[in-house]
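In order, the protein sequences belong to chains D and F. For the first sequence, position 136 (counting from the first letter as 1) is numbered 136 according to this note's numbering, and the numbering increases by one without interruption. For the second sequence, position 11 (counting from the first letter as 1) is numbered 11 according to this note's numbering, and the numbering increases by one without interruption.
Just so you know, these hints were derived from the structure itself, not from any lab. Small disclaimer: the values here were computed from a predicted structure and weren't measured. Ideal Cβ placement from N, Cα and C applies to all residues, glycine included. None of the hints are false.
Covered stretches of chain D (in silico footprint by chain F; criterion: 3 or more residues with CB under 8 Å from a CB of chain F, positions within the stretch not fixed): (1) 27-35; (2) 40-49; (3) 57-70; (4) 78-87; (5) 104-113; (6) 130-139.
There are 2 protein chains.
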Amino acid sequence: MAVEVFKSTTKLTEGVKVECTARNHSLVLDEPKELGGTDTGMNPLEAALCALGACKCIVARLFAKAHEIDLQDFKVDLEGDLDMDGVMGKNKDAKIGFLEIRSKVYIKSGSPKDKVEEFVRFIDKTCPVAASLADSPKMVTELTIEK
Amino acid sequence: MAVEVFKSTTKLTEGVKVECTARNHSLVLDEPKELGGTDTGMNPLEAALCALGACKCIVARLFAKAHEIDLQDFKVDLEGDLDMDGVMGKNKDAKIGFLEIRSKVYIKSGSPKDKVEEFVRFIDKTCPVAASLADSPKMVTELTIEK
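For reference, chain D alone in the conformation it holds in the complex:
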């Protein structure tokens, strides 16, 4: 096993605005005004979908050559369904996470249709963000309280 550790830090600032950093990079996540935020960035669910789609894009680029796929363009439109009754605690039996995530993959390629279809199935299986959603990681929380 060759374990690599990925790290990020997220800090709540005013309202629901969150400053996020990873290595030398930062981004702001927030909520739109109708969900109580100031709309200075996308929200965490949108960011999670971006992470998923970007991961598929990168896997496509990295493995196209080995799969002999002509890759001219690659785009993913993502949609995730959330049951707000679950999130808001109105229905205790409702699922709280995404019910379904749809990845609409657009690829421009001169390769045969069946090879492209097989390649897209390979991407779905090989993308670590998709795999983290399909095959749950162990989730551990450690708490430090400052008075």
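Following the hints, position chain F against chain D.
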């Protein structure tokens, strides 16, 4: 059921640089140079950890009052372990997604320790990004090939 649909778009540009958009917001995800990128943004795994931590931050803000928690500061440091032998296809039995995700929660609060601990457990259960990782969504891929 009150389904709300969240949407993002991710487009592969040069190399492994991905332009991501959601509503009026955009961000660039990329890989560091040692992983074949140009390091113009965090990578998708770091972004996924940011989405998870930011989601917990926002749930903390939105529910602190109802739980009678004095919330002065809230931060989450996240670590996710990946087995690169799985990702790179060197070990077909290895897990491809995160093996474990550790959320190190730092909270500044004058509330009693047991109430804060209970609140943090509530956050873990109520955060939709955490719930999407713990309780897998249905994953659907639709493919459009352009010649």
